[in-house]
Each structure stands twice: as structure tokens, then as C-alpha cells.
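**Q** Chain by chain, the residues:
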Amino acid sequence: MLTAASLFLLHTSVPDDLSKASPPTAIFDQKLLHRAEHYERFLDVLWVLSTLTLLAVLAVYARRGVAYVRESSAGPIGTGMLLGMLGLGIVWLVELPFRLVAHWWDRRYGADEIGYVAWLFGD
Amino acid sequence: MAASRAERPIRLVVRDSDLARRRLTVFFRLILAIPVFVWLLVWGVAAFVVAFVLWLGILINGEPPESLHAFVAGYLRYWSHASAYVFLAADPWPGFRGSTDYPVDLEIDPPTRQSRWKTVFRLFLALPAILLASTLGGAPGEGGWQFGSYHSQGHGSEWRVWSGVGGVAAVCAFLTWFYALVRRRAPRGLRDLVAYSLSYTAQATGYLLLLTDRYPSADPAQAEGYAELPEHPVRITVDDPLERSRLTVFFRLLLAIPHLIWLLLWSIGAFFAAVVAWFAALVTGSVPSSLHRFLAAFVRYGTHVYAYVLLVGGRFPGFVGREGSYGIDLQIEPRERQRRWATFFRFFLAIPAFFVSSALSGALFVVGFLTWWYALVTGRAPDGLRNLGAVCLRYGAQTNAYLLLVTPRYPSGSPLLEHAAAKPATDLTALGEPY
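Going line by line, the protein sequences match chains U and P. Using this note's numbering, the letters of the first sequence correspond one by one to residues 1 to 123. Using this note's numbering, the letters of the second sequence correspond one by one to residues 1001 to 1435.
A hint or two may mislead.
Partial pick of chain U residues on the chain P-facing surface, computed with a CB cut under 8 Å [claimed, not checked]:
1. SER19
2. PRO23
3. ASP44
4. VAL45
5. TYR68
6. SER73
7. GLY78
8. GLY80
9. LEU88
Keep in mind that the hints were calculated from the coordinates and are not lab data. Just so we're clear, the structure is a prediction, and the values are computed from it rather than from any experiment. From the three backbone atoms N, C-alpha and C, an ideal C-beta is built for every residue, glycine too.
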């Protein structure tokens, strides 16, 4: 079906009078664009910080997590499950404060209106 | 452990050794109790007012005034008589004066100095104990702590209603009513369970009403003075350290997901195995040994999983239900012959046990909830709650074992975890531990 659609499209052409999209500055004022950029930049920095923290915590878990083998009466496979589930829990716990900050940022910029309690339980 | 009981400032004494009940007074028990309820309500209102004065007195003097303490203690003793009468743990009508020779009575120590800090925050400190008491024995006043709300729909509704009118004690009394009408005596296990529930509730109420600043203990060992632990083919063993890893406690439900899935799958297989075992037992008089092993392992595995989820056990259990593989373990005797008529009606015969089991499950969930908080803060499980959890698990396991034809023996309601003689020497430094 996709192939057929592509074949049909081969025979079409772009109209000469088609105007290109306007630059953002033509639609939004400079202040709003700057604000959007600021919003995005913060989230990017937060993502980098969250990823670095997560990697650091996972590195610590990889070194120290073996101690949790003592917490298991199961065999090797069961203990592996325990460590895996514990890893999932740790990932969630480490990311939680960053998500909270991101949520605060979203609310600050009007990108989200959900309350903190609803967000926490929704998360 | 006897030292532990003697140390408790509020102790339950049971002198109902013959368990005899008169059919007529059993049949009309609730009607006969109406004047007692009215008097208890009046006395209760006065006691709560006096307890407030007691609260002020302790905050000022550090010690409760003796006369006020005696008034509240008298009320609590009368409450224990009335509750024992209503819940069929005792037979004589309790009267209105709180006589000293009632078969189920409280011994309450004279007033002593109390910590002002613990007194200021008493209402909040008592909340966990009240929560547990609401699932066990109810409390003074309106026949029970009004815990939860009354919903008429959904599976949780029955548990909430039972909790509201006395929890485990109410369920036991309901079953005892039928039993006593037929046999003219109360079943020993259920009577002991009611007495234990009343004992804990009395401690919680005494703590709330400032009779003592010693936190209530849920340790079933306190029932040694009046309870018996009969031999049973399904026994629980507790050989698990109390220390808990905070991280695994925090994520306990998440970590248990693989086990819960596996238990669900196994239960499907166990259902079909039980059906086959039922037909085999009807024809041959006993369950084939391979099916017995399979079903016994299933019951044991379920106990391991629930012990882990509800923090009665500390370590992550294995997936095969092998005996000796977990700290909270079940010892199950080999198969034995089963009477055919009891096998034929097994499902119906198990229904009363399921009532008790579901009531104890309510207590077990509260145990898990409280232990979760306690272990997160202290890094260990409280001794008393852990042992109470093990008792609840044992009853559930015995009920499942009975239903699944692993044993022909009916579950025992005894609150004791182990025989007094088998108990190792207890570290007396642990006596001050709450719960």
C-alpha cells in the first residue's frame, strides 16, 4: 500500500505559488520566543543532570548491590530477579526528584496544571 | 516469657477453664447485653472525660491522680467483662459493678509516673495501636472502633464491617454462637483468640486513656497464661532475624511482583490438583502422595510469599516452596487417611475457617502496614507484630491446607505461636519494645 502511494506521489509536483513557512519571529514576539528557549534549556540541563545522577547511582549499585544477595533465599535466578526489581525501584527513586523539578518548571511556565499530589500519585 | 507477661501493666486473666455455655443465654446473648451496652456507654462517656482530666493531671504532676486512675481502670475492667460476655469468651452475665471474680478480667497496675512527652502526644502515639485493635477486638464505647467506612459494595466491604464491630473477636463470637448452641461449650481455639484480641484492645485503650505509658504489645506469647496450642499437622516455624534492609522494605511490593505472578499461576494448577485429589480421596480414602507434595509445596510457598509481602519475613523467598528454605516456614506432616464424608463436604466445612482467616487477614494487613513504617525508621521489624503476623499466616495456611486436602485437621485458632516449653530464653532488654 505504501509502495503504491509512493508511485502515485512520483507523478505529482510542487505548485510554483507555494510560499515557504514564515520564520517564528514573524508570528511570535521576541520575548515569547526567548521565554520558550529558556524553558527548553532548563529541561535540557535537568535531563543531563538526571542522566548523570542515574548513571552514577547505577554504578554504585553495580558495585554495592551484590550485598543484597544476602536478602534473598531464592536461587541464582530468583536472586537475579530481586536485584533487577530493586534496580527498577532505584531508577524510579533517583528520577523522582528530577521529575518533580520538571513538573514544578512545567507549572511555572503554564505547560501543566496538575497539582503536586495528583502528579505524585499519577506518576 | 512469663516475665514479659508480668511486666505488662495491663494483663488479661481468664478463669473460664471448663468453657461451658448455657444454650438459652447464648441464644439471647445480644438482647441480654443491651443493658450492659447502655451502662457501658454512660460509663464510657464519663471515662473519656475523666481521661482528659487525667491528661492534664499528668502534664502538671507527671503522675496520674490515683482516684481518677481507679475510675478509668474500673471502666476498662468493666469493658473487658462486657466484651467477653458479648463475644462469648465468658458465660456469666457481667452485672453493672465490674465484679472482681468475673471469668475474664483485667489486672491493671496502680498509677506510676509517666513521661510528659508521651502524654502530650498520646492521641497520635496511640493511633497505630488503635488501628490494630480495631481489626482485633474493637474497643469500648459503641462495641468497636469505627474503623473505615461502611460500604455495601465490593469485596472490601465485609472486612470493613467486621472491623467496625469488633474484627477478629466478632467473627470468632459469631462462629462460637453456633458452636455453643450445639455443643453447650465454646471452642477452645476461638475462645483463646477472642481473649487475646480483647487483651490487646484493652492494652491499646489503657494506653489511650493514660492508665499507663507502656506501649501495647501484640506478642501472642502474652496469651500463654490461658491459651493452649494443640498439635497440628501444619505448623509454622519462625527462624528469621528481625533486622530489615530499609531499601527492600521500601520497595517490598515492587519486589514481590514476580512472586505474586508466580503464585497466581501456581494457584491455577493447585485448583485442578485439588479437584483431582478430592476425587482420589473420595475413592481411596487418601490423597496420592505426589498430589499431597504438590499441594503442600503450594501452601508453603503461599505462606513464604505473604510473609515476605507483609514483612513478617525479611528475605526474598525462593520460588518452589521447599521446606526449610525460608525463615518463616511451614512444617507439613506426611499425608494421612481422610474420612470420606468430611472430604465430600470439605468446601462447606471450610467456610467457617475462611471467616476467621479473612478476619485475621485484616489484622495481618495492618501488621504489614505498621511494620513497613517501623522498619523504615528503625531498620528492624517489631517482635510482637512479627509474631502476630506469623500466627495469622499459620491460620491462613492451615485453612488452605484443610481446603486443599493436605490435612484432614481443622485449623486451630490458638493465638500462641509455639509451645511455652519450646520457646528459647527471651532477651529481657526487648521487653520495652512497642507493639
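**Q** Now tell me if each hint is right for this structure.
**A** Hints, verified against the model:
1. SER19: violated (55 Å)
2. PRO23: Check failed: Cβ of PRO23 of chain U comes no nearer than 49 Å to chain P, outside 8 Å.
3. ASP44: Violated - the Cβ of ASP44 of chain U stays beyond 8 Å from chain P, reaching only about 30 Å at its closest.
4. VAL45: Nearest chain P Cβ about 29 Å off; hint violated.
5. TYR68: Result: holds, 7 Å to nearest chain P Cβ.
6. SER73: Since the shortest Cβ distance to chain P is 5 Å, the answer is holds.
7. GLY78: holds (5 Å)
8. GLY80: For GLY80 of chain U, the interface hint is violated, since the closest Cβ of chain P sits about 10 Å away, which is over 8 Å.
9. LEU88: holds (7 Å)
Violated hints, in rising order: 1, 2, 3, 4 and 8; the structure is consistent with all others.
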